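Turn these sequences into a full structure, and let the hints steer you where they fit.
Protein chains: 4
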Amino acid sequence: MVSTRTDLAMEAFNSAGGGALPGVEVRHWEENGVQVTEVLVTDNEAARQLGKPKGTYLTLESQLLRERDPDARLAVSAMLAEEIDRLLPEGDGRSSVLVVGLGNRSITPDSLGPGVVDRTLVTRHMLGAEYAALSMKSVCAIAPGVLGVTGIESMELVEALVKALKPRAILCVDSLAARDSRRIGATIQLTDTGIQPGAGVGNHRKPLTEQSVGVPVVSVGMPTVIYAATLARDAFAWLSESDGDEAGHEAALADMEKTLLGSELGEMIVTPREIDSLVQDAAGVIASAVNRALQPSLSDAEIMAMMD
Amino acid sequence: MVSTRTDLAMEAFNSAGGGALPGVEVRHWEENGVQVTEVLVTDNEAARQLGKPKGTYLTLESQLLRERDPDARLAVSAMLAEEIDRLLPEGDGRSSVLVVGLGNRSITPDSLGPGVVDRTLVTRHMLGAEYAALSMKSVCAIAPGVLGVTGIESMELVEALVKALKPRAILCVDSLAARDSRRIGATIQLTDTGIQPGAGVGNHRKPLTEQSVGVPVVSVGMPTVIYAATLARDAFAWLSESDGDEAGHEAALADMEKTLLGSELGEMIVTPREIDSLVQDAAGVIASAVNRALQPSLSDAEIMAMMD
Amino acid sequence: MVSTRTDLAMEAFNSAGGGALPGVEVRHWEENGVQVTEVLVTDNEAARQLGKPKGTYLTLESQLLRERDPDARLAVSAMLAEEIDRLLPEGDGRSSVLVVGLGNRSITPDSLGPGVVDRTLVTRHMLGAEYAALSMKSVCAIAPGVLGVTGIESMELVEALVKALKPRAILCVDSLAARDSRRIGATIQLTDTGIQPGAGVGNHRKPLTEQSVGVPVVSVGMPTVIYAATLARDAFAWLSESDGDEAGHEAALADMEKTLLGSELGEMIVTPREIDSLVQDAAGVIASAVNRALQPSLSDAEIMAMMD
Amino acid sequence: MVSTRTDLAMEAFNSAGGGALPGVEVRHWEENGVQVTEVLVTDNEAARQLGKPKGTYLTLESQLLRERDPDARLAVSAMLAEEIDRLLPEGDGRSSVLVVGLGNRSITPDSLGPGVVDRTLVTRHMLGAEYAALSMKSVCAIAPGVLGVTGIESMELVEALVKALKPRAILCVDSLAARDSRRIGATIQLTDTGIQPGAGVGNHRKPLTEQSVGVPVVSVGMPTVIYAATLARDAFAWLSESDGDEAGHEAALADMEKTLLGSELGEMIVTPREIDSLVQDAAGVIASAVNRALQPSLSDAEIMAMMD
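Chains as they are written, first to last, in my numbering: chain A, 1 to 308; chain B, 1 to 308; chain C, 1 to 308; chain D, 1 to 308.
These are computed hints drawn from the structure, not numbers from a lab. Nothing here was measured: the structure is a model prediction, and the numbers come from that model. All C-beta atoms, glycine included, are put in the ideal place defined by N, C-alpha and C.
Here are a few chain A residues that face chain B, going by a calculated C-beta distance under 10 angstroms:
#1 Ile142
#2 Pro144
#3 Glu153
#4 Leu157
Here are some chain D residues the structure puts well away from chain C; computed CB gaps all over 10 angstroms:
#5 Gly51
#6 Arg73
#7 Leu88
Listed next, the in silico DSBU-like pairs over lysine-lysine satisfying Cα-Cα at most 35 angstroms (straight line):
#8 Lys163/B to Lys206/B
#9 Lys163/C to Lys163/D
#10 Lys166/B to Lys166/A
#11 Lys206/A to Lys54/A
#12 Lys166/A to Lys163/B
#13 Lys166/B to Lys163/A
#14 Lys206/B to Lys163/A
#15 Lys166/B to Lys206/A
As structure tokens, this is what we get:
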């Protein structure tokens, strides 16, 4: 049983044993010092087992990213830009890509999405002449959960916008929950499956998928928290393995889950103290990839100058 | 000629001579120490002359409001609540009122709308049971210019939301430009004509009216700035009158408007230094009126407790 | 051995066995639905054992506080005001009390202190006439760790201010770490021992005590986090007890502390997801107590009106 | 009589006639497209007449700066860095320079100082080893008006810090008032005379000068506002000149100053609508000059990397 909560398909796969699983193809490689894992979920039974819908999940991982190493940041950003470009549908240059930054700005570990929106070059409101001169693509962006909308669910707002703006695709960004603390701040997941109910730090209640909004949804996320319940469960599992008394602890574990991990603690989040700068850094890396992917004709310097 | 820019119908009426004008009905009275002016614009020719569409414009004015007098705040808030209730269409208690706070939070004199949204009790997302128990009305709110939305015009976003949410009415709040500095922070205008292009501190490019969105739009505003061009023009007019040489200054005035009031200075705004606290205060008074008008079954204390 | 980290003296006492400990006097009582615990540490050996300096530690605890119950908020605030007044030295009404809000506004669980400073009525800059008319006491406040000071330690800044302003006492507010998740948001500790190095969520490197600054330091704090290392250690202890194999787990526990709780995870914090509103609420309750204690001649309504 | 209010010595000099004035030496030149004006006030009588204390005032002016031209930004930043370095006393590399950002973050045109502090590389808290390796100089920074400090005047706080930290010099940054709207956002003034009471947008009540704090004070400022009274007076003066009836308007002008420019309007400020981005831009240019001047051994890229 995969009871441990994670938004990373690669962790869900590892939790499920990590071995050969029908309906799942996994590839690992290293490129420019970045560990890449691609998980393809190809049938419904595998999707059910992993708790992840059918589709492509790409994970870029670098411990140097968390240490803010400039080379690692550049490498991850460049690779992410390429993969975003690959997953997004071809555009005719007229219909927009809508960047959606999910999450709540006032809850730090949930603020990755708004942070990326702040750093995204938006061009949809510019004049036709400007576009032509610079071969720009049309991009608009929204952070539906930041202060300023209330009584309206984020997904409801995005749906309304999609109907009005008719973008060719949504690129959404969200904070994720992981299982392993080493992945926090060090791992970026890219998927073409959109956002599922219950995922993310904010626990979205409705999906944001091609099925729900009618246009392709590519989503990018980084783990910023572990759920306390996950951490405790893993600690026990580890202990049980280490003293070889797995059966003996079964009862104690079940008991403890009820007692210690009651509703309150179970929903608590575990996060690094430096979460504020960690999220800022990650937003910078991801936004740089988003801008490159969405504006292939502009150089980094041109993008910077236009955002100033 | 009414070249002086103001968003207040009562100032436009005064600028147009203030006397009998066909198609305009004006009434003044005082209530609880608050000066009330009602301007009814009833035909198209009058609307053209005043630069204000046909409809009702109500102005509440109290210098004590600006001095933060608690009694004046309560009196204005209570009267405004009544008038909002009168202008809004009857509701069946199911369809929402959508409160729209126009303006940009990062430009202080333009931040009145977002400030009111922050203080509005929103209920649309609550459960049916909660509504029934408290006889609450459904209210949702959006501040489209602080939304982390970019590349999408505020009015475009509001239109998309109206299509999706089908509210029974919009109540919108905006910062206004006045002609007379004494009205800044001391005057609140309420109208059933919505928002016109070019109005407000942010100079909206598209209308937000019943015609544009299909539901009634009641708007509330307070002047927070004077345009520098308006100030200079008025100063000249005053001088000309005072020395009785109106003709003699005609040429100088025209010349000066070209030179001194070139594009740059003409678009500059004049605002009190304490604009920050002035806008906060006004947002409090207006939001309190909005909450009372939209939740007639709740006491002030209940509203406060629910917003906490 | 008391290796579990907590800033609450009552938890340290419980960890040390909770029984009779020479040099420690503990009293419990309930008042207005609030659980009160007073821990007096009276000799150096007890201080060493508990890891808490000699002095008085008062804890107010109410689960209703966390649920934002209005009556519980009022009860805790009133009791805290009385106790602050009791611990602060008598004033002559001329020399100020300096309220110090420790912590970093941009790290949510560390932002309690700045939040209280924002809500404290400061009067030191007012004119003599205003004081006399209202029988006000002189209060000034600083949040040294908020953005705006860099390269200068918080304690260094406070020391410099104490030399310049010569306040009669410091009342400082800080976010704390607890051991038990139920105390987060539900417990307020008041002590006359000031702030110790290593305490708080921000892990202060220097003390803020009567010894370090030369004036009495009373400090108020509320737990907003548990350290992940603490949580894991307690989980193990609990498990060991429950299966009666304490000795058997000794080795596994020591091993695990090295492995799982390496520097990274060990320093991670566990916090409720709703930490943002929890800290706002707590700042309101504490600030209300601070204002009452420091301005005994003003009513709550007068304090509110002056802060507006 | 120089009744027109400006914080720029060059404008005060022009208002005083702009011709030969005993005790004032003025030089103009152009460099890299930047207009430079140096005003040396060398005796007390000239200081009294200009309303500016004895000392050196350097003004860099470029209309392209306001248009955010990248080359103009680089040119101004490089020249300003050189001049800051020239005015600051030689350091031994051990005692710090204290950067003081005056002004209030929540009043946009008064927020230049805090904006520069946010972008200043502070090093004083780093370890000795880091300094040596990078040949860094010790820099600390404070924005006393955003500090969450209340009841304590900015200048009082700076004085307390100077006593405690014993910096070798203060470099302070403030928003200024100008007379001519074209100077807003386009002009930077550098002076070795510190800050005078009544200067700046925030109207400081106490001086920040070598005399008041005991260490050299170099100050950098940019005009962000014109006082409404200044604007009105200048408009009248212009009109009077243009119709050749200077005497005839004397009475009307005096009368008008009393009426129109009563306390309220007179203290209002005139500012561009885009003041928010204008202040952000200026803070970037000035901070870049400050960082270069204070860290001559670091490249721009190294400074950027360390601030990240």
